[in-house]
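Novice: Residue strings, one per chain:
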Amino acid sequence: MYRGCINECGPSWQHAHRASWLLTTTSTPALVFATMNRPGGAGISGLTRLQNATQSYNALSNEISKEQVKNLHVQLAQFRTALQSFAQTHRDKIRKDASFRHAFTIMCANIGVDPLAGGAPGDGILGRGWWGELLGLSDWNLELGVQIVDICVSTRHQNGGLIDMADLLRLLGKLRGTNSSSTTVNEEDVVRAIKTLKPLGAGYEVFPVGGRKMVRNVPRELDADQAVVLSLARETGGRLVESLLSEQSGWTRERAHVALENMALRDGLCWIDDQDEIDGKAYWVVSVLQWNE
Amino acid sequence: MDLQPHTTPSGFKLPSIHSLPPFFSKQENLETLAISLDHWTRLILSYARFKRIFYLRVEDAEVTGGDWDEVLRNTRINRRVRPEYLSFILSQLVAKNLAVYDPIKQDRSVLLYWRTPDEWAEVLHSWATSTGQLNTILTFYEIIEPAVESQLSGIPVAILRKAIAVLAKTARAQSIGVADGEGVRFFATHAR
Numbered sequence: 057m058y059r060g061c062i063n064e065c066g067p068s069w070q071h072a073h074r075a076s077w078l079l080t081t082t083s084t085p086a087l088v089f090a091t092m093n094r095p096g097g098a099g100i101s102g103l104t105r106l107q108n109a110t111q112s113y114n115a116l117s118n119e120i121s122k123e124q125v126k127n128l129h130v131q132l133a134q135f136r137t138a139l140q141s142f143a144q145t146h147r148d149k150i151r152k153d154a155s156f157r158h159a160f161t162i163m164c165a166n167i168g169v170d171p172l173a174g175g176a177p178g179d180g181i182l183g184r185g186w187w188g189e190l191l192g193l194s195d196w197n198l199e200l201g202v203q204i205v206d207i208c209v210s211t212r213h214q215n216g217g218l219i220d221m222a223d224l225l226r227l228l229g230k231l232r233g234t235n236s237s238s239t240t241v242n243e244e245d246v247v248r249a250i251k252t253l254k255p256l257g258a259g260y261e262v263f264p265v266g267g268r269k270m271v272r273n274v275p276r277e278l279d280a281d282q283a284v285v286l287s288l289a290r291e292t293g294g295r296l297v298e299s300l301l302s303e304q305s306g307w308t309r310e311r312a313h314v315a316l317e318n319m320a321l322r323d324g325l326c327w328i329d330d331q332d333e334i335d336g337k338a339y340w341v342v343s344v345l346q347w348n349e
Numbered sequence: 012m013d014l015q016p017h018t019t020p021s022g023f024k025l026p027s028i029h030s031l032p033p034f035f036s037k038q039e040n041l042e043t044l045a046i047s048l049d050h051w052t053r054l055i056l057s058y059a060r061f062k063r064i065f066y067l068r069v070e071d072a073e074v075t076g077g078d079w080d081e082v083l084r085n086t087r088i089n090r091r092v093r094p095e096y097l098s099f100i101l102s103q104l105v106a107k108n109l110a111v112y113d114p115i116k117q118d119r120s121v122l123l124y125w126r127t128p129d130e131w132a133e134v135l136h137s138w139a140t141s142t143g144q145l146n147t148i149l150t151f152y153e154i155i156e157p158a159v160e161s162q163l164s165g166i167p168v169a170i171l172r173k174a175i176a177v178l179a180k181t182a183r184a185q186s187i188g189v190a191d192g193e194g195v196r197f198f199a200t201h202a203r
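Residue numbers (this note's numbering), protein chains in the order written: chain A, 57 to 349; chain B, 12 to 203.
No lab work stands behind these hints: they were computed from the structure. Treat the hints with care, since some could be wrong.
[As the list claims (entries may be wrong)] Distance condition first, Cα-Cα at most 35 Å in a straight line; then the derived DSBU-like pairs of lysine-lysine:
no., chain 1, residue 1, chain 2, residue 2
1, A, LYS254, A, LYS269
2, A, LYS122, B, LYS62
3, A, LYS269, B, LYS24
4, B, LYS107, A, LYS337
5, B, LYS37, B, LYS24
6, A, LYS149, A, LYS230
7, A, LYS254, A, LYS126
8, B, LYS37, A, LYS230
9, B, LYS116, A, LYS269
10, B, LYS173, A, LYS230
11, B, LYS37, A, LYS269
12, A, LYS251, A, LYS126
13, A, LYS254, A, LYS230
14, A, LYS230, A, LYS269
15, A, LYS149, A, LYS126
16, B, LYS173, A, LYS337
17, B, LYS173, B, LYS107
18, A, LYS269, A, LYS337
19, B, LYS107, B, LYS62
20, B, LYS173, B, LYS62
21, B, LYS173, B, LYS37
Let the sequences and hints guide you as you build the complete structure.
Specialist: Structural data, given as structure tokens:
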């Protein structure tokens, strides 16, 4: 049975050693005396014991530290989850309600979390792109996005909410100051920034028209016919009439009429001129006009 | 098409939209119409201020040779504002408190507020103060046709009355009937 126990309980030399120590302390007076003279244990066995104790303390300390770190991780994870679930629960509100979004960023600032802060992916509790992933916004894109919105809104009365990419880039350059190369933006930047605007639901979209790109900044879908109209308007300098459109596109007069009327009446992309000398009624696609002030 | 601003012979700078043919037609899309009206409102008021014109009438779109030809017509693109559209523009100016029908009970003639009655009141009071005419009785004629030309020269009586009414509310003026018509007495502004 004893043998069984030895076999069961780990390294046998430890047990053998302890057994011999017990044996000596009880049965040999000289050794008992020596032990009593050096309290705390002396000699090989005492040193070993001290070493064991130190090791145990170290192990315990490590374990406590680990436990604390683990707890901290758990707490951080909980905090992150809480913040995330808060952001997710109120995502729509954060996206839509400017004052709520403001309050949310203030709250983040108060607890020392910058939702826009950079860093490697997964770095800290809120790594790069956390805000980006969650809300579709990130710092630089956000700034560029704001500038795009600024230009689109301020030119909407001229172009009906449809702006040429080249025009937009030109105006962006003007707004940002083109003197340094670090401030210039290209088409790709604009496309990316517009993507980040998507969650705002403003309907900003880049789409091709006759080999060129245009940015739509009104929440309206453009159909294929409208793309043809826009493309043709570029060639004519803005003025379109039913007869010309049906001739150029091969559409029936009826289809050309509907396309133009829709663009004018429903979408506000055309202005109607009812004093046209030749056709009586002409449609002017305002987004292809060049405005000089 | 390239749209350029245009400076008229009288020196007024017309905005580039004035060269856009459809600007002279009433737009059917409400948003587009609002944009167009906004441009017309600004254009009309700034031109009136520039030329010191107080009245705009539907008639101005019907016959040539009036004060408004440079604005209501663009001979370079052969477009003009039709009387029906002008009539609608006038109604919008009145609705936005930027003009009043004058005389009342008709809708073909408006008095333009390129300065509001409140603003005219300040102009009037500071004119009376700077010309040393406080506490004396002035006839309307003396204000409208002063010996030395002022900002108030030629101001319509209708606006003058409104401006005096504004000053009367703060006890800075008092309407007085005089032998040959209407008069007014101005008082210094008292710190209250």
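Novice: Take the hints in turn and mark each one as holding or not.
Specialist: Taking the hints in turn, this is what the structure says about them:
no.: 1; hint: LYS254/A with LYS269/A; in the structure: 18 Å, holds
no.: 2; hint: LYS122/A with LYS62/B; in the structure: 84 Å, violated
no.: 3; hint: LYS269/A with LYS24/B; in the structure: 33 Å, holds
no.: 4; hint: LYS107/B with LYS337/A; in the structure: 30 Å, holds
no.: 5; hint: LYS37/B with LYS24/B; in the structure: 23 Å, holds
no.: 6; hint: LYS149/A with LYS230/A; in the structure: 33 Å, holds
no.: 7; hint: LYS254/A with LYS126/A; in the structure: 39 Å, violated
no.: 8; hint: LYS37/B with LYS230/A; in the structure: 34 Å, holds
no.: 9; hint: LYS116/B with LYS269/A; in the structure: 54 Å, violated
no.: 10; hint: LYS173/B with LYS230/A; in the structure: 46 Å, violated
no.: 11; hint: LYS37/B with LYS269/A; in the structure: 31 Å, holds
no.: 12; hint: LYS251/A with LYS126/A; in the structure: 39 Å, violated
no.: 13; hint: LYS254/A with LYS230/A; in the structure: 24 Å, holds
no.: 14; hint: LYS230/A with LYS269/A; in the structure: 19 Å, holds
no.: 15; hint: LYS149/A with LYS126/A; in the structure: 34 Å, holds
no.: 16; hint: LYS173/B with LYS337/A; in the structure: 45 Å, violated
no.: 17; hint: LYS173/B with LYS107/B; in the structure: 18 Å, holds
no.: 18; hint: LYS269/A with LYS337/A; in the structure: 28 Å, holds
no.: 19; hint: LYS107/B with LYS62/B; in the structure: 22 Å, holds
no.: 20; hint: LYS173/B with LYS62/B; in the structure: 22 Å, holds
no.: 21; hint: LYS173/B with LYS37/B; in the structure: 33 Å, holds
In terms of the numbered hints stated before, the structure departs from hints 2, 7, 9, 10, 12 and 16, listed from lowest to highest.
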